[in-house]
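Protein chains: 2
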Amino acid sequence: MWQITYDDVESIAIGAGILGTGGGGNPYLGRLLMQSLIEQGRTATVIRIEDIADDALVTEVGGMGAPTVGIEKLPNGEEPRWVIEALERYIGRPIDAIICAEIGGANSIQPLVAAALTGKPVLDGDGMGRAFPELQMSTHFIDGAPCTPAALVDEKNNCIIFGSITDPYALEKFARDLCILMGCRAELAVPVMTGAQVKRSAVRSTLSLSKRLGDAVRLARARKTSITDAILAVTGGAELFIGKLVDVQRRTTGGFARGEILVEGLGRFHHQWMRVAFQNENLVAWMGDQPEACDQVVICVPDLICLIETESGEPVTTEQLRYGLRMTVLGIPCSDKLRTPLALKVVGPAAFGYPEVTYVPMPKVTGVGLE
Amino acid sequence: MWQITYDDVESIAIGAGILGTGGGGNPYLGRLLMQSLIEQGRTATVIRIEDIADDALVTEVGGMGAPTVGIEKLPNGEEPRWVIEALERYIGRPIDAIICAEIGGANSIQPLVAAALTGKPVLDGDGMGRAFPELQMSTHFIDGAPCTPAALVDEKNNCIIFGSITDPYALEKFARDLCILMGCRAELAVPVMTGAQVKRSAVRSTLSLSKRLGDAVRLARARKTSITDAILAVTGGAELFIGKLVDVQRRTTGGFARGEILVEGLGRFHHQWMRVAFQNENLVAWMGDQPEACDQVVICVPDLICLIETESGEPVTTEQLRYGLRMTVLGIPCSDKLRTPLALKVVGPAAFGYPEVTYVPMPKVTGVGLE
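Top to bottom, those sequences are chains P and D. By the numbering used here, the letter at position 190 of the first sequence is numbered 190, and the numbering carries on one by one without gaps. By the numbering used here, the letter at position 147 of the second sequence is numbered 147, and the numbering carries on one by one without gaps.
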């Protein structure tokens, strides 16, 4: 159990930004909001998943939409509280604890804001062990957790409750459509789970992992040691590419930011190119020795493709991609919960429209990184 | 107070079909469903609006979508019950009575089905005194009734609750979009009103008016007397045109059936043409002495433009429009509740995209037609 400090928010924003693989929303606004709440004497208590009662009610809270819109459309700030209260009114019972839907910039901070606004604890874990663009891509749903009730609110407190929905894919479709109507940025709380369900299906300790990761980056920055080494030591990942971003194709379509980047190698990657495709989050990375022939798959979902600014170690989220960025591409092995045959049907490359890409799991380092 | 009989359903389908001005959905399926419920010993009790308690809870139930889809996509049959139960779960109180959202083919039968399935009474009235394509076009909303809570279900029992929504226009937008995702046909219950609100804002006695109108058509048919005269005697309307449908432009777009028809005059309307524009319901009728120069406005919303098959007196709904139909175009004065300056902003020609059309109220006959 631990109380989130002003400084923790800084580290979590960096760490979750890296683990968010480009998505999860830009943490800047959420970080400011949470830090101002802490300055007003409100904070969030983080508790371990093993410490929640089996019959406690837990819900995920997070932002839905395109990160390209999230940086422009200001929230009201009360959405995390509104969406939880809407769920509580619907089920007629209080929610006991909050958990992150995903580890990613804004969406790792939102639950802390929700906790600070409602006084409820946050569990140390999430439902992806990274960020993913669509609702059904959750370890809870893969484990069979019901996808309703769910609540969606916008900055005007337009509030919509999903009472019963065929399956998480249908929920994704309905909620995404409403989210687009709401201006491509809405707040979602789903599913309502028991503590027992969370213990079974959550990816554990990802909030503390984000904090450790952010701490490591900040320490390396201060000591002027290798930021990449610091990240890899905490995550058990590997450095895949270093280069300069020379092309971005990005469009906001169907409620997502979709596109590709091309990175030209620098240093030991000179005369090599890397292409990375994304749908809010980075999906597949290919390499080649010609910009137009980047067709060797290097890494793909569900393993994590993390783009960091080489100099600062800051995570580069999808909406920040721009010509000239010097970036380091890291690969981080995903949680084992995403590597089962059942999970790969939901979060493997074919689920994102790349049936020709075969998922080859990155080797894991025992005791380090995502559980 | 009266019990709906097998025969009443027949008459209401005809009468409400005429008052539905082309929309409200095709009554065929609903009529079969209601008649089979009556054969199973279930029925609906209709009570007068003045007899409901001021603090009773009342909701409207009806189908939403494009009538062109409604005739092809079969419902489950239980949707009216599901949608009311969803609202009751949300508000934590039983609904005491049901009222028609509009008078129109299917949507005057749906509340009877809901009543037969739930045992709740139906009030003799509705929120339009005709049919309109969009949610905000309701005398209750014009009077300021809150537009939430509302519930929307589809034939798979996907169930969505609107907890709070800025205004009825926003509800229309959200619900329409979901309805399109649900396959352009869904069941909606909205708003939850007190008996006092209903007494203030409903258009009264429209269910019994529909029945009287249907009875009159059937009697005229049996007696081989003028069907038009029978309709006009009950509604206080006027015969505007008689002719043959020679062109239909109709597309299902944005969740609506939109388009125009061209009718070539017969008999005393020889060498004249009438053009009628519709969005589910008939909106504006123009006349002229050339098919390409039909630009004299004869009648427009909110007054009723009713198309009936000349021979049988059967109402012709939007999805039934086809080349060669012999039809009589009738105009019926709308309820006074739709003629206030406030109402005309919501249901006048400009609200449908015809700012150049000026609404000139049809003269009313005292004691006859819509109150």
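Rather than coming from a laboratory, the hints here were simulated on the basis of the structure. Please read all numbers here as calculations on a predicted model, not as lab measurements. Check before you lean on any hint, since a few could be wrong.
Put simply, identical chains are the same to the list, so a pair is met inside one copy or across any two.
[What the hints assert, rightly or not] Heads up, simulated SDA-like pairs for lysine to any residue below, C-alpha to C-alpha not over 20 Å straight-line:
1. LYS173 to PRO341
2. LYS156 to TYR169
3. LYS73 to MET1
4. LYS224 to GLU50
5. LYS156 to GLN136
6. LYS364 to VAL297
7. LYS244 to GLU172
8. LYS156 to ARG326
9. LYS345 to GLU10
10. LYS345 to GLU88
11. LYS156 to ASP167
12. LYS244 to GLY267
13. LYS156 to THR166
14. LYS156 to ASP177
15. LYS156 to ALA170
16. LYS73 to THR166
17. LYS199 to PRO121
18. LYS173 to ARG326
19. LYS199 to MET1
20. LYS73 to ALA170
21. LYS244 to GLN296
22. LYS156 to PRO146
23. LYS173 to VAL346
24. LYS244 to LEU262
25. LYS173 to GLY183
26. LYS345 to ALA170
27. LYS364 to ALA233
28. LYS73 to PRO121
29. LYS173 to THR366
30. LYS244 to GLN290
- 20 Å Cα threshold - placement of PRO146 relative to LYS156: Between copies only: 16 Å across chains, 28 Å inside a chain, cut-off 20 Å.
- Query: Checking LYS73 and THR166: alpha-carbon separation at most 20 Å within a copy, between copies, both or neither?
  - Reply: Between copies only: 18 Å across, 31 Å inside.
- Query: What label fits LYS345 with GLU88 when the C-alpha limit is 20 Å: within, between, both, or neither?
  - Reply: neither (33 Å within a copy, 38 Å between copies)
- Go through the copies and call it for LYS156 and ARG326: within, between, both or neither, with a Cα cutoff of 20 Å. neither (39 Å within a copy, 51 Å between copies)
- Query: Is it within a copy, between copies, both, or neither that the alpha carbon of LYS156 lies no farther than 20 Å from that of ASP177?
  - Reply: both (17 Å within a copy, 18 Å between copies)
- Could you figure out if LYS73 and ALA170 sit no more than 20 Å apart (CA to CA) within one copy, between two copies, both or neither? between (26 Å within a copy, 19 Å between copies)
- Query: Should LYS244 paired with GLU172 be assigned to within, between, both, or neither, using CA atoms and 20 Å as the limit?
  - Reply: neither (35 Å within a copy, 48 Å between copies)
- Go through the copies and call it for LYS244 and GLY267: within, between, both or neither, with a Cα cutoff of 20 Å. within (11 Å within a copy, 80 Å between copies)
- 20 Å Cα cut-off: does LYS173 pair with ARG326 within a copy, between copies, both or neither? neither (36 Å within a copy, 44 Å between copies)
- Query: Is the C-alpha distance from LYS199 to PRO121 at most 20 Å within one copy, between copies, in both cases, or in neither?
  - Reply: The answer is within: 16 Å in one copy meets 20 Å, while 48 Å across copies does not.
- Evaluate LYS345 and GLU10 at a C-alpha cut-off of 20 Å and name the case that applies: within, between, both or neither. neither (35 Å within a copy, 52 Å between copies)
- Query: Is it within a copy, between copies, both, or neither that the alpha carbon of LYS73 lies no farther than 20 Å from that of MET1?
  - Reply: Neither way: LYS73 and MET1 sit 34 Å apart in one copy and 54 Å across, limit 20 Å.
Checked against the numbered hints listed earlier, the structure breaks hints 1, 3, 4, 7, 8, 9, 10, 18, 28, 29; every other hint is satisfied.
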